[in-house]
Amino acid sequence: MSPLQFIRQRPFAVLAVVAILWLLTPVALKRLAQVSLFEFGAPADFAASYARDLQQYWSLRTRTKNELLQTARDLANLNASYELRIQENESLREQVQRLEEALHLPSDAEYRTEIARVVRREFGTWSQRLVIRKGRNAGIPVGAPVVFTGGVVGRVAEVYAYTAVVDLVSSPTLRIAAMVDGDSRPFSFQGGPNPPFAQARGAVEFVPLDIYASEQAPKRIVTAGLGGVFPAGIVIGHVQSLELDTGGLFKSGAVLLDPRLNELHEVAVLVPLNPEQQ
Amino acid sequence: MDPRWVVIVLANTFLVFLEGQLNHYLAHAPVTVYLCGLALPVAGLRLRFRPGLIAMFLTGLVIDAVRPVPFGSTALLLATLFTAWHSVRARLPRDGIAPPIIGALVANLALFLAQPLLLGTVVAAGTTASRVLVDLLLSQLGVVLLGTWFFALQEQALLLRGVDLAEEARQPGGAL
Numbered sequence: 004m005s006p007l008q009f010i011r012q013r014p015f016a017v018l019a020v021v022a023i024l025w026l027l028t029p030v031a032l033k034r035l036a037q038v039s040l041f042e043f044g045a046p047a048d049f050a051a052s053y054a055r056d057l058q059q060y061w062s063l064r065t066r067t068k069n070e071l072l073q074t075a076r077d078l079a080n081l082n083a084s085y086e087l088r089i090q091e092n093e094s095l096r097e098q099v100q101r102l103e104e105a106l107h108l109p110s111d112a113e114y115r116t117e118i119a120r121v122v123r124r125e126f127g128t129w130s131q132r133l134v135i136r137k138g139r140n141a142g143i144p145v146g147a148p149v150v151f152t153g154g155v156v157g158r159v160a161e162v163y164a165y166t167a168v169v170d171l172v173s174s175p176t177l178r179i180a181a182m183v184d185g186d187s188r189p190f191s192f193q194g195g196p197n198p199p200f201a202q203a204r205g206a207v208e209f210v211p212l213d214i215y216a217s218e219q220a221p222k223r224i225v226t227a228g229l230g231g232v233f234p235a236g237i238v239i240g241h242v243q244s245l246e247l248d249t250g251g252l253f254k255s256g257a258v259l260l261d262p263r264l265n266e267l268h269e270v271a272v273l274v275p276l277n278p279e280q281q
Numbered sequence: 096m097d098p099r100w101v102v103i104v105l106a107n108t109f110l111v112f113l114e115g116q117l118n119h120y121l122a123h124a125p126v127t128v129y130l131c132g133l134a135l136p137v138a139g140l141r142l143r144f145r146p147g148l149i150a151m152f153l154t155g156l157v158i159d160a161v162r163p164v165p166f167g168s169t170a171l172l173l174a175t176l177f178t179a180w181h182s183v184r185a186r187l188p189r190d191g192i193a194p195p196i197i198g199a200l201v202a203n204l205a206l207f208l209a210q211p212l213l214l215g216t217v218v219a220a221g222t223t224a225s226r227v228l229v230d231l232l233l234s235q236l237g238v239v240l241l242g243t244w245f246f247a248l249q250e251q252a253l254l255l256r257g258v259d260l261a262e263e264a265r266q267p268g269g270a271l
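If you read the sequences in order, they're chains L and B.
Per the working numbering, residue 4 is the first one in the first sequence, and the count goes up by one each step.
Per the working numbering, residue 96 is the first one in the second sequence, and the count goes up by one each step.
In short, the hints are calculated from the structure, not lab data.
Misleading hints may appear alongside valid ones.
[Unchecked claim] A few chain L residues that face chain B, going by a derived Cβ cut-off under 10 Å, partial list only:
(1) T65
(2) R66
(3) V134
(4) A164
(5) Y165
(6) V168
(7) T176
(8) A180
(9) G185
(10) P189
(11) S191
(12) G194
[To be verified] Footprint (simulated), chain B over chain L, 3 or more residues, beta carbon under 8 Å:
(13) 46-60
(14) 93-107
(15) 216-227
Backbone N, C-alpha and C define an ideal beta-carbon position, used for all residues, glycine too.
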């Protein structure tokens, strides 16, 4: 039987051969193929992203001068308040540094901020991810925390030449050590489950028994700074309800995440300055 | 190089891009559509076994490259679905628009429901039944709405490379 006849008469045998060959293919070769195919598709996503930016630019050009003047005035007010906060931050930073030196404490990990545009949002049924327009070219490492004005966005999961994939905080693949704002006891936060046509959600577990939260009096939760990925104090979301675990030792409950999470245009990647400290 | 599988893979790559863009805008809702089942019918109905298998396997790799599933899993799934379809296609009706649309719906359903198995139990548990149902319904609606256009796009792209699949299928040993 010639190979062509074999292929025609035994399609399932051919399929089995293909499957076995694929399973035996070295992981490095598979990884190379995956990266190559991702990079092959990246320019199309880039083009779509730049086209959206251009669209936004032209839509802004249609605004009247009065609207622009109003916006400029608002921005000037905002800038003035930020100037004040920068000064406050600087004096606080110096105070922390003095205390660290006096008490011989190890200093907190430091980060530089890398602002990146969102190329593609993907709020899938089972996982939520973002593709951003910066990658190895901007020195972004795998595992770097990603934030925005509303708090935590997620963590960098994959890095390519000019793009990076971010696992969102609403994705069940992401777990973070969290704490209630103003309390120092850590508990566990995990993204999901996310219902359709509703705000992104997460869940908390191992919450101490004396913490209470309800829809009328939600509790703001922030990162605990444990685990070496996220610095402490970044907002995650608001706990809406807490119930006793089956064991009765801790509480667990639902967290409502920032509604702007699924319409992000720009995010900030926190790149550690001293990765060894992490 | 056989232009059949090259053209089919490029058209399917375009489908993956379109799906990504559609999901980018649907993220506001947030819901998502899964349209990979559309990649199968033209190959399943019209292509011979070898170019069809190559086209489906490579299409699966393109899909896997942008998804958080084990690389190659969708490729093997698409290749299996193609082989199954190819082996029974002589006994199924193949004329008109209904067979490819129904085939795409079945393939899309199989690929969509396989996702939690590929992603693992922790990730699979991180969603709600209502979300799965809404996403599945929207995906199937997307397949029905885009199906006719996408199959025509693939056939026209093949015609540009001088391949008339309808004509080939009627020849001895062809798909029809």
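Right, here's what the structure says about each hint:
1. Interface hint at T65 of chain L: violated, since its Cβ lies 21 Å from the closest Cβ of chain B, which is beyond the 10 Å cut-off.
2. Using the Cβ-Cβ criterion of 10 Å, the hint placing R66 of chain L at the interface with chain B is not satisfied: the shortest such distance is roughly 22 Å.
3. Against a cut-off of 10 Å between C-beta atoms, the interface hint on V134 of chain L holds, since the closest Cβ of chain B lies about 8 Å away.
4. Residue-level restraint check for A164 of chain L is violated (minimum Cβ-Cβ distance to chain B is 14 Å; threshold 10 Å).
5. The closest approach between the C-beta of Y165 of chain L and any C-beta of chain B is roughly 15 Å, which is over the 10 Å cut-off, so the hint fails.
6. A hinted interface residue such as V168 of chain L counts as satisfied when its beta carbon comes closer than 10 Å to some beta carbon of chain B; here the least separation is about 8 Å, so the hint holds.
7. For the restraint placing T176 of chain L at the interface with chain B, the shortest Cβ-Cβ distance is roughly 6 Å, inside the 10 Å limit, so the hint holds.
8. Because the beta carbon of A180 of chain L sits about 18 Å from the nearest beta carbon in chain B, more than 10 Å, this interface hint is broken.
9. A distance limit of 10 Å between C-beta atoms decides the matter here; for G185 of chain L the minimum to chain B is near 29 Å, and the interface restraint is violated.
10. For P189 of chain L, the interface hint is violated, since its Cβ never comes within 10 Å of a Cβ in chain B; the closest pair sits about 21 Å apart.
11. With its C-beta approaching chain B no nearer than about 13 Å, S191 of chain L sits outside the 10 Å limit, and its interface hint is violated.
12. Annotation: interface hint on G194 of chain L holds; nearest CB of chain B at approximately 7 Å, less than 10 Å.
13. Here's how the region 46-60 of chain L fares: 3 of its residues keep a CB closer than 8 Å to some CB of chain B, so the rule of at least three is met and the hint holds.
14. For a cut-off of 8 Å, the count of residues in the region 93-107 of chain L with a CB near a CB of chain B stands at 0, and the three-residue condition is violated.
15. Remark: the region 216-227 of chain L is not confirmed as covered by chain B, as 0 of its residues place a Cβ nearer than 8 Å to a Cβ of that chain, below the required three.
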